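Mapped onto the numbering used here, the consecutive letters of the first sequence carry residue numbers 1 to 592.
Bear in mind the hints are in silico, worked out from the structure with no lab data behind them.
Quick caveat, the model's predicted, so the values are computed rather than measured.
Some hints could be false.
[Said to hold, decoys possible] No more than 30 Å apart at the CA atoms, straight line, and that leaves these computed lysine-lysine pairs for BS3-like:
#1 Lys-427 <-> Lys-378
#2 Lys-560 <-> Lys-549
#3 Lys-363 <-> Lys-3
#4 Lys-232 <-> Lys-314
#5 Lys-385 <-> Lys-359
#6 Lys-560 <-> Lys-581
#7 Lys-501 <-> Lys-581
#8 Lys-235 <-> Lys-254
#9 Lys-581 <-> Lys-523
#10 Lys-427 <-> Lys-181
#11 Lys-3 <-> Lys-191
#12 Lys-378 <-> Lys-359
#13 Lys-314 <-> Lys-230
#14 Lys-412 <-> Lys-363
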Amino acid sequence: MDKYDKVMDLAKRRGFLWNSFELYGGAAGFFDYGPLGCTVKRKIENLWRDFYVLNEGCMEIEAPTIGIEDIFVASGHVGGFSDPLTECSGCGQSFRADHLIEALGIEGVGALNTTQLDEMIVEHNIVCPECGCKLGKSFEFNLMFQTKIGPGTGRPGYLRPETAQGMFVDFQRLSRFYREKLPFGAVQIGKSYRNEISPRQGVLRLREFTQAECEFFVDPDVKTHPNFDKYKDVKLTLYPQAQQEDETGTTIQKTVGEAVADGTIAHEFLAYYVALTNDFLTCAGISPEDLRFRQHLSDEMAHYAVDCWDAEIKTDRFGWVEAVGIADRTDYDLTAHAKQSKVELSVYIEYPEPIFETKFVVKPDMGKLGPLFKGQAKAVGDALKELSADAIQAAGDEITVSVNGENFTVPKNLIAFGEENVKISGKTIVPHVIEPSYGIDRITYCVMEHAYDEEDLAAGASEEDDEESRIVMRFKNIVAPYQVAVHPLMGKPELSAVAKKLFNDLVAAGIMSDYDESGTIGKRYRRNDEIGIPFSVTIDFDTIEKENKPVTIRDRDTMKQILVSAGDLVAVMKGLLSGEKRFEESGEVISR
RNA sequence: GCAUUGAUGGUCUAGUGGCUAUGACUGCGGCCUUCCAAGCCGCAAACCCGGGUUCGAAUCCCGGUCGAUGCACCA
Numbered sequence: 001m002d003k004y005d006k007v008m009d010l011a012k013r014r015g016f017l018w019n020s021f022e023l024y025g026g027a028a029g030f031f032d033y034g035p036l037g038c039t040v041k042r043k044i045e046n047l048w049r050d051f052y053v054l055n056e057g058c059m060e061i062e063a064p065t066i067g068i069e070d071i072f073v074a075s076g077h078v079g080g081f082s083d084p085l086t087e088c089s090g091c092g093q094s095f096r097a098d099h100l101i102e103a104l105g106i107e108g109v110g111a112l113n114t115t116q117l118d119e120m121i122v123e124h125n126i127v128c129p130e131c132g133c134k135l136g137k138s139f140e141f142n143l144m145f146q147t148k149i150g151p152g153t154g155r156p157g158y159l160r161p162e163t164a165q166g167m168f169v170d171f172q173r174l175s176r177f178y179r180e181k182l183p184f185g186a187v188q189i190g191k192s193y194r195n196e197i198s199p200r201q202g203v204l205r206l207r208e209f210t211q212a213e214c215e216f217f218v219d220p221d222v223k224t225h226p227n228f229d230k231y232k233d234v235k236l237t238l239y240p241q242a243q244q245e246d247e248t249g250t251t252i253q254k255t256v257g258e259a260v261a262d263g264t265i266a267h268e269f270l271a272y273y274v275a276l277t278n279d280f281l282t283c284a285g286i287s288p289e290d291l292r293f294r295q296h297l298s299d300e301m302a303h304y305a306v307d308c309w310d311a312e313i314k315t316d317r318f319g320w321v322e323a324v325g326i327a328d329r330t331d332y333d334l335t336a337h338a339k340q341s342k343v344e345l346s347v348y349i350e351y352p353e354p355i356f357e358t359k360f361v362v363k364p365d366m367g368k369l370g371p372l373f374k375g376q377a378k379a380v381g382d383a384l385k386e387l388s389a390d391a392i393q394a395a396g397d398e399i400t401v402s403v404n405g406e407n408f409t410v411p412k413n414l415i416a417f418g419e420e421n422v423k424i425s426g427k428t429i430v431p432h433v434i435e436p437s438y439g440i441d442r443i444t445y446c447v448m449e450h451a452y453d454e455e456d457l458a459a460g461a462s463e464e465d466d467e468e469s470r471i472v473m474r475f476k477n478i479v480a481p482y483q484v485a486v487h488p489l490m491g492k493p494e495l496s497a498v499a500k501k502l503f504n505d506l507v508a509a510g511i512m513s514d515y516d517e518s519g520t521i522g523k524r525y526r527r528n529d530e531i532g533i534p535f536s537v538t539i540d541f542d543t544i545e546k547e548n549k550p551v552t553i554r555d556r557d558t559m560k561q562i563l564v565s566a567g568d569l570v571a572v573m574k575g576l577l578s579g580e581k582r583f584e585e586s587g588e589v590i591s592r
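Could you build all of it, start to finish, from the sequences and the hints given here?
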């Protein structure tokens, strides 16, 4: 049983992750988050909001998960996503069916469906180019889930394959919201859908999954980051192209500042979010030694991207798993949507000081050209404006321009021209997009795997053969599903009453707590460890008998115990959970 | 999508044509118990789905679903 099996076993037993639709036999590529898993996931999402919404100031939006066809035509998801594949019966390699036929010089293959393609393959006796075996039936694969909007034949719609398009489509509104000042960013946390051919690896490859994406719109000429100093000296584990291409495959350690200075990372803006991602993932509980940032190789990078870094997390079974992608998408998306929608998606940037340029300008006297050329006057005027200084100087008393194949001769004295000092107070640009994109399900699984621990315990005084071990989920306090468990030492009514009161106090203070009085205290502690509750509070007879009402707080990771007065419990718990106070300093350390 | 392989209570598992389908852990109800799982009594809970062969199928055959692995795919 490897770690994946152990984590998934625990996840299933204790209510973190369940296969969806199990009652009816299930379906591949879908998972339910149970009560504890859902809580952990929400907490990770909220931590992400702390980073991006609270600290980075990127406001959250919510766009529909269904998109109309235009969006995905513009984004390229509709066109590029419907490829017919055929597979060799011998070696198992897949090929583009249409490409095999086209290779014979046959035209118009693109319009054929798979049945027709199969007929062509048989007719032309096409075999596997690798091994010469027979080819299987061809099939379409398109990762988009399609649906219909409205009744009848309806209008085609698609479940979004990424949340990003929502931010691009709302660009103009967002730009106005941010008072048309770059850089600005918006985020979205939500479900995306890809009809994966073969979902595997549990929650790492889902057909419906949760993304947290941030889209920053920046001035293409200003890719420095205003808060770069915050992360400048942070050391990162980087795996750049050069290291991937040499045989050793070693990662390098470098500060963010160094990586930008020596060109390892393309620019500050990208580097800043690589560092922020490092910060976020470690805060969520990813072990720093199992985290690296891998640069996309030039051939795997989308053709429009300038530079792209993935946060990869090491897992026991699957090795390095891509959990976050941080890309400079340039102006690709906005330009594509502008073209598709025929609406200009740009921002006007005013220079700090207007720039004056000397330019050669042509000013036709439209008052005279009007009566002369009537309906063609405007076109003639425009043609004149296009003329270069040389062309005008070289001409004699008359200038001839051609408009729509017709020549017009204009007396030169109807045209004013010359050098002119032009004031340029700004520029209109299509912003570039910097996109940090997080796979929340993958992160949640990796947080669970990294939290999972089996600890061997000394098997008591006797030399019993079975060594005792306990399973502990060492969640960080901020992602743990419950923060505190409250127990009466045993199920006596007088103890229960006090325990329930303290439980209510904790809940009233906003602390997510669990109450449990079943079985022995030791068993309950083990249960708490297994679902990763950081602290357990136990009420015993001292609590009701002694003057200062001591309760015991047990620390999950060390199993150490301290005594605190019941009246101080809420305050002490808050200090412990926020990390402001150390465990041993929060009460009287005891051993039993 | 193809190939290989598997599927028995919540979990792990025994059973391989023939009783009311093992056992353990977990869970629940008691008893006992003054701080780290396995003390006692009791209870609950399963043969992946569909078809076929057979007097009789959890068991054999075929198809499907789901899981694992390999190939391919992962914009």
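Hint check:
1. Lys-427 <-> Lys-378: holds, 26 Å
2. Lys-560 <-> Lys-549: Holds, because 19 Å separates the two Cα atoms, which is no more than 30 Å.
3. Lys-363 <-> Lys-3: Violated, at about 77 Å.
4. Lys-232 <-> Lys-314: With a Cα-Cα distance of about 25 Å, the restraint between Lys-232 and Lys-314 holds, given a limit of 30 Å.
5. Lys-385 <-> Lys-359: holds, 12 Å
6. Lys-560 <-> Lys-581: holds, 15 Å
7. Lys-501 <-> Lys-581: Since the Cα atoms of Lys-501 and Lys-581 sit roughly 24 Å apart, the hinted pair holds (cutoff 30 Å).
8. Lys-235 <-> Lys-254: Cα-Cα ~5 Å, so holds.
9. Lys-581 <-> Lys-523: The given pair, whose Cα atoms are some 28 Å apart, holds under the 30 Å limit.
10. Lys-427 <-> Lys-181: It holds: about 13 Å lies between the C-alpha atoms, which stays within 30 Å.
11. Lys-3 <-> Lys-191: holds, 27 Å
12. Lys-378 <-> Lys-359: The hint holds at about 22 Å.
13. Lys-314 <-> Lys-230: Given pair Lys-314, Lys-230 holds - Cα atoms ~27 Å apart, limit 30 Å.
14. Lys-412 <-> Lys-363: Between Lys-412 and Lys-363 the Cα gap is close to 11 Å, so the pair holds against 30 Å.
The structure fails hint 3 only (numbered hints given earlier).
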